[in-house]
Amino acid sequence: MSVINYANRVIDFKIVYYGPGLAGKTANLQYIYRSLPNANRGNMISLATGDDRTIYFDFLPVSALTVRGFQTRFQLYTVPGQVQYNATRRLVLRGADGLVFVADSQFERLRENVESFRNLEANLHEYESTLDEIPYVLQYNKRDLPNQAPVTYLEFVLNRRGARVPYFEASAIEGKGVFDTLNTVSRMALASEFGVGRERRHEVS
Amino acid sequence: MPLPRAVRARLVWALELSLGLELYACAVLALHARGLRATPLEASLALVLPALVIPPVFYLLVALVSIRPLALAPMNVSVATMCALHAMLVLATGALFMITDLLGYGGAVAFALWGSPTVTLLQLTAVPLVFARLRPLVFAWLRPLMVSSRAPRAGARAVATQRSVPETLSAAPSPAAAGAATLPPMIRPLAPVVNRTAPMARPPVVVRPAVKPAAPAARPTTPPPAPGAVQSVAPPTPVAGQPLLKTWTPSPAPPVVSTAATPSSSATPVEPKPSAPSSKGAIDWTEPMVRVPFVRIADQLPVEMFARGREGLKDTLRPGVSLLAPRKLLLPHLAEGLAPVKWDVVADQFPLDELALSHEEIAERLPDGSLLLPLDEVVPQIPPELLALSTPPADVRQLEEFPAPFQPQAATAEPVVGPARRDAESAPEIGAQPEDTVARADSADESPESVAAPEPEVDEEVAPEEPEVEETLAVDDDADRSRKTQPEPPGLAATVRATPSAASAIDRDKREHAQRIAALLTPLLNGLEIGQHDGAGTTLVTAVAPTLSEEAVIQTAARIVPFLTDARLPEPVTQATLTAAGATVVLTPFGSPSGGGALLATAIASRASLAWLERVSRMAAREAQSETGRGRRSGPEADSNADIELRTTAVPTAVRELAGALTAFGPVAPTLLRDRTGLLSACLFLPSSLDALPLAQFARDLYGALGGAEIGRVASVILKLGARRVILRSMDGESGNVTMLVGVGRIDRPGLARIELDRAATRLAALVGS
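Protein chains in written order, with my numbering: chain A, -17 to 187; chain B, 115 to 884.
The shape of chain B in the complex, shown without the other chains:
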């Protein structure tokens, strides 16, 4: 059965003390064996005086060099104690000589005192070593006496400084290193009695009655614990109902040890600070405690507070030595993310004889007089019910009506992105990506101008982003194969459907393209139904708003498909936007020409975010679009409306003035063409490099093809031809005649261009009417 730690410590201490005395006895006997014999001596002054004077002087020197801080009281106690020990050794040595040399005890004692310098030297060596072991015990015995003797004075001065107590009692000669290394730990080994969550049981120690406080503010002192022996717990002056740490405020500075401060060597009692310690020592050992290993807070303590330095202190620490703090004092501060405890609360757990400073001085050196206990030690010891909040949770039921706005790409398109791609996606620094680019791209619709022109500058300004998507789409075959092995997202699988009759005709490339685009569009265009159809010589991937007829969109798209590669256009169409009263359809070619090409048709009910829709569609179809651009030009080169011959006519001055107002198109010249009947007119505003007649014929044919479109009357068509845009709109006259407006140019601001063309149409209609 293992002995308790306290008993073991007590045993070791006693053995060490006995060993010291035994060594002294052995040394004396060894001298006796080598011929030293006790003989009767004459008590002459020359012999007696040095024997009586040298030891006290020697012990005074020892105390002078070893007692820190230097103070009279501990010096006196130390010298007196060592002299007493010296006397005891002399008496014991005399008894030894009396037995061995058959001498009278008086003569033997006289010989032990001044008969042999060798014996005297042994005594002078042995006494400090023995005193080093006895010192804690001496202090424990003498402290109450010292305090009680000070009490009246303390009462007169309102409080006695705590420092005077240990200074009076601590008289440690500087022992040999071996002696110091075996000193008992400073912190009482209370850990075994601590229950982490249960109320703290009072340590099984003998509690001495507290020294009667001389004044309310006087610090009650506690005898230092005898090493492993009696522990004196002196409850400090209780302050009922007052939180001990009430005045604590967080300090931004970390609780570091102050190295600038030096310990005061003055033994003069200090007047207590008025603010000091209303909270002193309200520890109730029956309340729940929080235990913190001392090593976790040792670094916060000022190094000068220890008589032997912090390192010397740590050397004496044994595993499990802990500091105890009342849980109720910590709880109010845990909400601030801290666990401070006033020094006064824990000061009693430090033996005074190991402290070189008074408690007040130590508290002054700590940030706000507190130690910060590590939260990772404190919080696990707090019962969860004490941390549970009673406040009700916020009402979030209203959120259920909104779907999650964002879906990470990982489930669908993430496999497309390879590791190199990830690197490329790292956020650019501001220097690399001008802020205004993003700001303008993002706030394009916020400007008054863009309010009227929903599809404006975004197109050009987001162009640098598009290659990223191109990379995303440009997956290699391996990536494709890896994608095939992955289960298709349920949501996507539910929305992608194919017409049964044509599904078998869709080749694998088209299907993969369609699925890939659908996967890209799914998180972007919430609410659009994505489908896949085959017909009109192409594969049509549709993303249609639920309020629109998908069939109408498909049929309208089929009308315009032949015009997308019309040879009369200067370049192939990379995107076409049809605007009707109740729908806006964006057609974007994609897919390899060898596969017959494909078309992405996105349709929404309003013009809101049209620029965004166009951008998304182009990005989704980017890969194939470039190939289409290099592909065949298989448009209806034959003039299907040849019977409607257009001829150039003179341009009125008013129309020329209109051309000057079309700033967004760049420099353009007006051209006016009419058919024979005068029912159809085409007013073109073109750069000088373009021939008007093919474009007029194209506009005529396109207008004819879109007549009676399933999505409703098409008010305008915008064709994107690389950097150019062609904007077409028609005006129905009152007499049944139709005028087509065609504007072509390298348009940087398509929204503005459309507005200018609308204005031109209005003025032209007024001119025609007049």
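The shape of chain A in the complex, shown without the other chains:
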């Protein structure tokens, strides 16, 4: 749920980057951190092991546009992808306003993608929520590597729910597709907050 500060007209959104280990979630945030103007972002907090594996989460607060009088701010989180950190993943997932599922495009990682996606659904279920209720997009990362699965197949594997959500081909380390992904999930979160049916809520307030 977004946090609304009516006194200051500020809305905070929580965007969580989810996916299997080594899929490139932290790389996404690092590129965003590098690319946004300093004034538009806070410090990035990253707690990682010596081999750059996230063991808790990454956090990057960023500010964005003003929508209908509300200043919007986005808090970007990643989850640790390794299987043993599910409790942390579930914790980070709480209250997410938008999700980016970062999938590894390599053939040999497809199974991990599927398991991580199921883990995402299971963790949402713990909060009595589903992916139907939270805006999310798919990012097929590592498109620069040679052993990549075709997008058709990645869609077949990961985007087979009731409605196909937007997906993006990306190479996070090079920044390709990173902002397309972020902008789309942010707009989906904004639409979820300010879209039709939600306007009355703000007008009343």
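For the record, the hints were derived by calculation from the structure and aren't laboratory data.
Wrong hints could be hidden among the right ones.
Among the chain B residues that face chain A by a calculated CB cut under 10 Å, a handful are [said to hold, decoys possible]:
1) Val167
2) Leu489
3) Asp490
4) Val493
5) Leu500
6) Leu501
7) Glu514
8) Glu515
9) Phe516
10) Pro519
11) Pro522
12) Ala659
13) Leu662
14) Arg729
15) Gly826
16) Ser830
So the derived label-pair ranges between C-beta atoms look like this [stated by the list, open to error]:
17) B:Thr777 to A:Gly144: 44 to 52 Å
18) A:Glu108 to B:Asp413: 47 to 55 Å
19) A:Glu108 to B:Pro506: 23 to 31 Å
20) A:Glu108 to B:Arg873: 41 to 49 Å
21) A:Ala(-11) to B:Thr767: 31 to 39 Å
22) B:Gly780 to A:Ala(-11): 55 to 63 Å
23) A:Gly77 to B:Thr767: 46 to 54 Å
Listing some non-contacts, in silico: residues in chain A with all C-beta distances to chain B over 12 Å [stated by the list, open to error]:
24) Leu73
25) Tyr109
26) Glu110
As the structure is a computational prediction, the values presented were derived from the model and not from experiment.
Cβ atoms here follow ideal geometry from the backbone N, Cα and C, with glycine treated the same way.
Position chain B against the provided structure of chain A, taking the given hints into account.
Structure of chain B alone, referenced to chain A:
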């Protein structure tokens, strides 16, 4: 015209067999040339008995050391076959001696059998070598007979173990390495008949009728393929309508070869597992197949399953040898990111004589009894239409009403950032950057206190970030020149405009500063119109909300410009915030003093995110701000309102009590000044180190200058003086008198300070009213 692979293999096999026999004949002839002559022999027991006993015993020993797993049936078959070969060689040798030595055939055969130990040794050597070449053929011929003989028993036992079949038939003496190296490949060379996407054509082989299954669950056996010869495809018992891999579940463990298991040497048939194989062998060779090179899955197979080990198997592999799996069995699992295929489905493609384990044992050693086919081999062979999703795309039309919230810096400010800067920007570890700093900076507005005070703690807590921007702005000339060569972003070019009359007067430094700040502000302050103006002795870069009058902002800013460097202030003003009913204006000096200075004026309609706006403005103007701080102090030192003389008066007790409530300012003492008429009062709460009178006069003049401001009545002014802040607000009394409140201090929490001053104003107004 090249021969087909199968024909070539058959030819090579025949040539090798002929070569072995020819070598034997040559050796016999060589002995004959060296004086060995066949002579009539007496059939004494001492001669005949060894000749009849030694070869079978020798062949039994050969079978004992070479047949694995050790089993009676293959041993018997092997010994019998070798004895038969021995007999044939004896007969052929007899014919040879009959021709050369003009001896009767009976006598010549007798001589070939027991007449010469040398000839007998040649025969004992030649027979195992020849048998090595004949073994696959022998097994191919004998397997159906063996199976049919077992069928009744299998029917009685519900199923016959598959292991008994190859064990009965496989009787490979350990051949010489040369012989082993030329064995035919284990996997049938079916690759040439596979079409990647078209339905699989049945291999052009002679299909033998399947052995009648003795029981529904009995595994139909398939004769091993003769090397390059007849291939027997025995369709397993079909299970109509049942997915073969229905019970497959993903296993987290990688499909590695089990090394702990050892092959069983028992020839005892094993009872089949009840769960085993309802899915056996439903291969329809006319359906589309997926081809996977055998080398891609060889590592998943348990090493003990091969009679000659995996390496020996690989040595026999030829390029293009592939495993075939029905596409329809793989499709249901592709959605899980896997392509498993049950061993039962592909088992028939492995020649039994090369397997040391039964299929059931092999399946038990595989994870879930399945092989995992590599997806990069499988997926390209799946027609895209089978992977196409029929679900509708999500409706994203609603997103179009929202602009993209984030724009990477690369298009505008990125060139400013040099390589060293990039390194410095790497995300700090949590140890290096305390979490609460960011958390508090980010959630400053979330606390109840900050809800009422929009511009609070953020200022101080984000201070460590500001030097980064300072670096960003502190570009060298080279960077500036490189920027000039780049086309200006269209959006920025459209928003930056200059008044025509003054544009020519703006020097180059100012323009560059303005453009740079505008470039920084563009992605941050969405919706603000950025302009550039010259007047009031300074260059004014404005970022104004569309709902506000830019002209009003400019004119209001011009009123306050002279006060920013007023000498009556303890320090130069680094930022001024004017709050009116309908607008909030933040003025931030920047630019070099030599260039006349410049002012960034940002204006928004509400107080929302005021702290953010102040922070952004300071960061954008950071570079020049420090220089301004060292610059001249050219404020209106002359008392322009000298006729309004302020005099110190006694401070009432109630006002002293108010001072004690201003905790955010630190220790302050109240000072009260009034003019002669009593219409203007100034109540100051200052640290003891500051003189009250100059500040009171400054507040009086500033209040006078802002009277009738174009943005509306200014309710409060906050001046940032380095670490200090001066907060001014005025109160209009009912009788027309005006009271100014001035609070000064090293304020860590400006939002709280403003609230406390508001409360003080309320109480003071009550006191004045009473």
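Sort out which numbered hints this structure fails and list those numbers smallest first. Violated hints (numbers, rising): 1, 13, 15, 16, 17, 18, 22; every other hint is consistent with the structure.
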